[in-house]
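Produce the entire structure from the sequences given, and follow the hints as far as they go.
Residues per chain, in single letters:
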Amino acid sequence: MSSLGQLEVIRADKSFDSETAGPTLPGSDRSRSGSKARNTHQASNTHGLDVQIANSLAETLDAAISKATYARSSTTLTALAASYEALGAIEESVATATEALQLSVISARERGFLIDPVSARLAIEILIRAGRTDEGTLFATSLPLVGQVRLSVGAMLASVGRLEEAHRFVDDSDAQGRDAVCGFLQIMEGNNYAAISSLRAALRTAPDDADSALNLSIAFWRVGAKKKAISTALQATRSAPGRQDVGLHYLELLIAEGDFERFDREIASLARIDVAPPARLFILRARATLARGDIDTGVKLLERASEAAKAENDDQAFAEVQSNLIRIRAWNGKIDRELAVTRLLKLHVQFPTSAVVLVSLAQVANRRRHTTAMQNALELARGTMSDARIAFVEHQIASLEGNNELAAEKAVEWYTLEPEDPNASIAAVVALGIGQERWEEAAEFAREALLKYPNEPDQINNAAYVLAMVGDAEEAIKLLTPHAKGRVVLTATLGLAYLASNQIHTGMKLYREAANMAEQKKDDSRSLMTAYQALVVRQLGLLNASDLTALTAMSLPPVALPDDWRERSEFLRLQTLAADKGYEWPLTL
Amino acid sequence: MATQAERDGWKKILTGQKLGGYELQECLGVGFFGLVFEARNMATDARIAVKVLLPSSDTEAIADFENEAILLQKLNGCDGVITYVDGGQENIDMVANGVTVPMSVRFHVLAMASASVDELIDDPVSRSALDWTERIRIFRGAVKGIHQMHLAGVAHRDLKSSNCLLMVIGSTTRLRLGDLGRAKNLRSSPTKSIEGYVKGRGDLRFAAPEFLWLQGGNAAHDFIAADYYGLGSLLVELATGQPLTSLALGDVGAVLKQAASDHHRGQTSDLANLNLQYRRVIAEVIDLMPRSIQQDAHVLLTSLCDPVPAERLARSPYNRDRHVEPLEWILRRADIMIRRLEIDAREERRNTRKLERTAAS
Chain A
1 MSSLGQLEVI
11 RADKSFDSET
21 AGPTLPGSDR
31 SRSGSKARNT
41 HQASNTHGLD
51 VQIANSLAET
61 LDAAISKATY
71 ARSSTTLTAL
81 AASYEALGAI
91 EESVATATEA
101 LQLSVISARE
111 RGFLIDPVSA
121 RLAIEILIRA
131 GRTDEGTLFA
141 TSLPLVGQVR
151 LSVGAMLASV
161 GRLEEAHRFV
171 DDSDAQGRDA
181 VCGFLQIMEG
191 NNYAAISSLR
201 AALRTAPDDA
211 DSALNLSIAF
221 WRVGAKKKAI
231 STALQATRSA
241 PGRQDVGLHY
251 LELLIAEGDF
261 ERFDREIASL
271 ARIDVAPPAR
281 LFILRARATL
291 ARGDIDTGVK
301 LLERASEAAK
311 AENDDQAFAE
321 VQSNLIRIRA
331 WNGKIDRELA
341 VTRLLKLHVQ
351 FPTSAVVLVS
361 LAQVANRRRH
371 TTAMQNALEL
381 ARGTMSDARI
391 AFVEHQIASL
401 EGNNELAAEK
411 AVEWYTLEPE
421 DPNASIAAVV
431 ALGIGQERWE
441 EAAEFAREAL
451 LKYPNEPDQI
461 NNAAYVLAMV
471 GDAEEAIKLL
481 TPHAKGRVVL
491 TATLGLAYLA
501 SNQIHTGMKL
511 YREAANMAEQ
521 KKDDSRSLMT
531 AYQALVVRQL
541 GLLNASDLTA
551 LTAMSLPPVA
561 LPDDWRERSE
571 FLRLQTLAAD
581 KGYEWPLTL
Chain B
1 MATQAERDGW
11 KKILTGQKLG
21 GYELQECLGV
31 GFFGLVFEAR
41 NMATDARIAV
51 KVLLPSSDTE
61 AIADFENEAI
71 LLQKLNGCDG
81 VITYVDGGQE
91 NIDMVANGVT
101 VPMSVRFHVL
111 AMASASVDEL
121 IDDPVSRSAL
131 DWTERIRIFR
141 GAVKGIHQMH
151 LAGVAHRDLK
161 SSNCLLMVIG
171 STTRLRLGDL
181 GRAKNLRSSP
191 TKSIEGYVKG
201 RGDLRFAAPE
211 FLWLQGGNAA
221 HDFIAADYYG
231 LGSLLVELAT
241 GQPLTSLALG
251 DVGAVLKQAA
261 SDHHRGQTSD
271 LANLNLQYRR
281 VIAEVIDLMP
291 RSIQQDAHVL
301 LTSLCDPVPA
311 ERLARSPYNR
321 DRHVEPLEWI
331 LRRADIMIRR
341 LEIDAREERR
351 NTRKLERTAA
361 S
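Residue numbers (my numbering), protein chains in the order written: chain A, 1 to 589; chain B, 1 to 361.
No lab work stands behind these hints, which were simulated from the structure alone.
All residues carry an ideal CB built from backbone N, CA and C; glycine is no exception.
Take the hints with a grain of salt, since some may be wrong.
To be verified - Incomplete in silico selection of chain B near chain A, CB under 8 Å:
| # | residue |
| --- | --- |
| 1 | 128 |
| 2 | 129 |
| 3 | 130 |
| 4 | 131 |
| 5 | 134 |
| 6 | 203 |
| 7 | 256 |
| 8 | 263 |
| 9 | 265 |
| 10 | 280 |
| 11 | 284 |
Laid out in C-alpha cells, this is it:
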C-alpha cells in the first residue's frame, strides 16, 4: 500500500498461473504433456526421420483403408478413423468414426447388447478429441456400454465437462478404478471433501496411481489441508518420478507454502537426473526466486523460461512469462506504468484469451483510462479464468472507475474465493470500510486479517482504520503505536485513531507529522492525506462537536488536488463517497 | 511407395503371369510393397502362395524383400513360421504403348495358408463367434512362433493378426507367422545408423510405445522386447479387434509429432509415465474375457505390454516359472488358460445336459 486506501498489487505474485496442474483424468492420454524430458543426444538426421514418419503414416492409412474395404465393420471403420486422425485428416476421421458408431448402434438395437464395445469407446474418443463432444456424448448415451468400457467413457465425458452425463456412467459402476474416476468427477464439480474420500479409496486399491494422488493433493489444497496436500503431492512424484505435471504441482505447493528449502532440494534432485527444464520449471524457479526478493535472478530465470516456452511452442507459458516480465519491470521502475500497460495490451492482442496477461494488466493499470481496454480484455478472456481472478479484475476495474459499490461487492467475492490472498483481505477492508462506510462488515474482515497477518503493517493499518471508525479507537491505537514510527501512512492512521478517541490535539499532531514525512517524499500523498483528514473529521462528527476554528487551525492546510486526480482510484473513491454524502469536493476543512 | 492405382495396375499385369514354374492365379492380398497371389505349381498342380515385390519398389523395400527370403530359409525348420518353398527373380514381358518391355520381378514362393487371423476378428460378429479357447490357442501359436524365431536368432518386428497365418493340416489348424519383411537377424550387426531404428517401421497403430516416442534401440534385446509387445498387442486384438497402441495412446500421429519435436531438441521422455494408460486398457480387455482366465491374462498382458521395453524382458512373476525363459512361461500360462477354458466348456456341457435331462423327465 503506497498511500491511504490505495491497493497496490503490482508486486504481488498474482499473475502467474497458480494452478499448473489441474485435476487429471485417471489413465488419460499423456502424449502431449506431463512427461519430464531428459537431455539425450542431439538428433542428427531429422529430415530422414521426418520422411520415415510420413511413410509410416501413409502405410498406416493404407492398411486401414484396405481392411475397411475388405470388411466394413465397426472394428475396421474405427481403425480407419484412428488412421485418418493420425494423419490429421479430421473431417474424414470424424465421418468414419460416426459411421462406425452408427453400425454399433444398429447392431446393439438388434442384439440387445454391444458386440464391439472397445471399438465404440475408441470411436467416441476420436469424436471427442476432434471437438465433436455433442456427437460423442450422444453416441455414448445411446449405446448399452457396460463394465470397464462404460467407466472409461464416463471418465472421458467428465474430462470434457459433461459432468451430468458422466455421473450416469460412473455412479452405478462396479468396475475396477471406479473410485479414481469418481474422485476426478467430484473434484471437477468442486466437491472436494467427497473427492478426498473417493481418492483415498482409490489409492488404497492402487497406491501407485499417480493421477489419483495428484487429484487428492489438489483436493486437499482446495480445502486448506496444506500439509496433507504437500505430502500427497510428494507421494505422487515418487509414484511417477517422470511425470512433469506431478513434479510441477509439488513444486508449486512448496512455493505457495514458502518452503523454499524443500523446493531447492527438489530442484537439485531434478538436476541430478538430468531433467531438461521445461519452461514451466523455469517459471516456478523464477517465482521462488522472486518470492525470496532476488529480483535480478528471478528476471533472468523468466527470460530463460521465455526461450524455453518458445522452443516448446507453449503459448500459455510464453504469455505468462512475457506479461510477468513487463509487470516486474514496471514495478522495478525500469519502465513506466503507461508503457507497461501499452505492452501488456499488445500482448493481450497476441494472446486474447490468456488469463495471466489480463491479470498482469489489472495489476499494472492504475488509471481510469485503462478500464475500457481492461473490460474488453476481460470479455475475451473470461472463459479461461477462474472465478477468483475474474472477481479480482472486476474489483480493479470498479476501483479505477470510482464505482465504490461494485468495488466492495467484487472485493468481498474475491476474498471469499481466495481467503488466503492478503491483497483480497486488504481489498475487502478498504472497499467495504473506506469506500462504502459499511464499518461493521469491514471490521469483521479486519479482525480476520489481524488474526492471519498479525505483523503485517499494511494489514494492521487497514484494520486499525476500520476499528477506529467502528468505535474501537483504543484497540486501533494499541495496534498502530508499535508500527507507526517513521511510516507516513501508519502515522496518519494513528492520528485518525486518536481523533476517533476524541484526543483531537494528539490526532492532529500525528497528522501533521505524517504530512511532514510525506512532504519529504515529494509525491501526492499530502493531498490525499488532507482529503482523508477532512473526510474522517466529518465521519466522526467532529465538525459539529468541536470548536471549528481551533480544529481548522490544527488541521492540515488545504493542498490542491493533483492534475490527474480524475484518473486515480484513491481520489475517485473519496470523490464518490463525498458525492454520496453530499460533502463538498475537494474535501477540505 | 506405390499408390493404390499403381498396385491395382500391377495386380492386373501380374495376374496370369508365370514366374519360376508357378502360374499366378488370384490376387489374395495387396500390401504396401507387394502383392500375394494364389498360384499353381505348373509341374505338380499344387496350390501355393507367391509373394511378389512391386517392381517399382525402392532400394530399402528390395533389401527387406531379399532379407525376408534369407531369414525364411533360415527358419524353414520352425513349424511356427511360414514355409519358404522357393524364390528368385525373373523377367516378365510387359506391354506398354504396343511395345513389349521385359520387367524384372522378385518373388517368394510360400506355403499356402487357409486364412490370416485378422479375417476372423475384423468383423465383430465373427470375432464374437470365435470361442476363447480358440483365441488363446491362436495366441499360443504366435508365442510359439516368436519363441522359435528368437531361438533361431531372428526378431519378427511386425507382429499383428494379419501376419498370423492359419494352416489347416488334417483336422488341426496351426498358426504360422508370415511377412518377415521387417524381420531382423539378431546375430548380425545393425545395418543402419541408430536414427534408422528409433522409430521402428510399419503401421503406427501397432507400434510399441518406444517407437512412437522415437526411443527404439538397435540391440537384440530392443527387437526382442518389441516382439513381446507385439504378442501382448495380438492378445488385445483377439479380444477387441483393435491393436493395443491405438487403444492406449489415442492419436498416434499427435504422439509422434510431439516425440519428433522432443527428438529434434535432443530430449527424451520417460515411458514409465504411460503405465496408467496401459493399465486402463488392460482392465478393459480383461473385462471382455471369461472369468477363469482373467487373472492369468492380466499377468501376461501387464508383463508383455509394459511401456518400458526392459520391463517386458523380466522373468516370470510366478515363482515356479522363475527359472524358465521369458516366452516359456508365457507358453505355460497360455496352456493353463486353455485348460481352464476347456474345463469351463466341459462344465457348461455337463450343466446343459443336466438341464436337458431335467427338462425331459
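Q: Give me the numbers of the hints this structure contradicts, sorted from smallest to largest.
A: Numbers 2, 3, 4, 5, in rising order.
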